[in-house]
Amino acid sequence: MTTLEVENRSEMKPTLPSRYYYGPDIYELEKERIFYSSWICAGRAEQVPNPGDFFRCAVADESVIIVRDKAGSINAFYNVCRHRGNRLCTEDSGRFKAGALACRYHGWTYALDGKLIATPNMVDADRFRKEDFSLYPVAVQLWEGFIFINLSSEPEPFTPDLGKVGPKLHRYNLSNLRLGYRKVYDIKANWKLVIENNVECYHCPGVHPELCEIQPGFKSGIIGQEEADGAYLVDGGSTYSTSAKTTRPLISTITKEDEARFRSVTLYPNLFLGLLPEHVFVFYKWPVGPKETRLVVEWLFEPSTIETPGFDPSDTVDFLDMVLSQDWDICADVQMGIQSRAHHSGVYSLQEQLPYKFNQWILKRLEG
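The sequence shown maps to residues 1 to 368 in our numbering.
Be aware that one or more of the hints could be misleading.
What the hints assert, rightly or not - Within a straight-line C-alpha distance of at most 30 Å, the following computed DSBU-like cross-link-like pairs (lysine-lysine) qualify:
(1) K168 to K245
(2) K245 to K256
(3) K364 to K168
In short, the hints are calculated from the structure, not lab data.
Required output: the full structure, derived from the provided sequences and hints.
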C-alpha cells in the first residue's frame with residue numbers, strides 16, 4: 001500500500017495512485033475492508049412503513065434484505081436461504097405475504113425476525129432444530145430516518161462524523177422528511193472518483209456555470225462542504241433552481257441562520273447530504289465494479305409540503321439533474337484518462353483538501 005505523506009498543509013498533495021481507480025485487486029480489497037466492514041446507508045425507514053414491507057439492497061457482490069417485522073423493528077439479513085443457498089428474494093421491494101419469507105426452491109419459510117419456522121415435506125422434521133438455521137443477520141442502525149447496515153460479524157461502533165455541520169443538522173428535521181422524488185444514475189467511473197468530484201468545487205466555475213450563478217461563492221472554486229456556514233444562495237434563495245427560489249415553504253424547523261444557505265456533509269463511504277432551506281437531497285453511492293458506480297438521488301421534503309395540492313418538485317429535480325449530468329460526463333472522462341500508461345497519479349490544488357481527506361480515509365481502511 002501507499003501512504004501519502006505531506007509535511008506542510010500549504011503544499012499541493014498527491015492523489016491516490018491511478019490504479020486505485022481501476023485495479024481489480026484494489027476493488028476486491030475495498031469490498032472486504034470498506035463495503036463489507038463499514039456502516040453503509042441502505043436507504044430510508046419510510047421504505048418499510050408496515051410489517052412485512054421489504055426492499056433489497058446490493059452491497060457490492062452481496063444482496064441484503066431490509067424488512068420491518070411484526071414488532072415494528074427493522075431487520076436486515078443476507079438474501080440467502082439456509083437450506084441450499086438459494087436467493088430468497090428476487091424483487092427489489094414489496095411486502096412478504098402472510099408475514100413470512102418463503103424460499104421458492106424447497107419452501108423453507110422464515111419469520112420476519114429471521115427465525116426458521118417451516119420446512120415443508122421434510123422427512124423426520126421433528127428431529128431438526130429450526131433454531132439453528134435462522135437467516136444470516138446483518139447489523140442495523142437507525143439514524144435520522146436513515147437505515148445503516150454493517151456486514152461485519154463484529155461491527156465497529158456506529159459514530160457518524162458530521163464535522164462542523166453536526167450541531168446544525170437537527171434543524172433540518174431529517175427524521176421526519178419524506179421522499180418527494182427519486183432518480184438513479186449509472187456512471188462510467190469508479191465510486192471514489194464520484195465522491196472526490198462531489199466534495200470539491202475547484203471544477204465548478206468551468207463545469208457548473210448555472211450552479212455558480214445561484215451560489216456565487218462557488219465561482220472561487222471553494223465549495224464550503226463540511227463548514228458550519230456552508231455557502232450562500234443568491235437573493236435570499238431557498239432551493240436549487242435556475243433562480244434559487246420556489247413557492248414551496250421552508251422546512252419548519254430551520255432558523256433564520258439557515259435561510260438562503262446551502263450546507264452539506266458526506267458520511268463515508270456512500271452517503272451525501274445536501275441541506276437546503278426547503279428540502280434535503282441525498283446521494284447513495286454504490287460501486288458496481290472497478291469502473292462503474294450506481295448513484296441513487298432522493299429529494300426529501302416535509303410531509304405537509306408533499307401533501308400540498310399541486311406539489312411539483314420538478315424545478316429543483318431538473319436543476320440538480322443538469323448539474324449532476326455535467327459531473328458524470330467529467331467523471332467518465334477522468335476514468336478513461338487516468339488509465340493512460342503515462343499517468344501514474346495526479347495532484348490536488350489547495351482548494352481540494354476534502355478529496356485528499358477522503359483519500360486518507362481510504363488508505364487507512366485498506367492498510368488496516
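Against the structure, the hints come out as follows:
{"no.": "1", "hint": "K168 to K245", "result": "holds, 22 Å"}
{"no.": "2", "hint": "K245 to K256", "result": "holds, 16 Å"}
{"no.": "3", "hint": "K364 to K168", "result": "holds, 28 Å"}
In the structure shown, no violation is registered for any of the earlier numbered hints.
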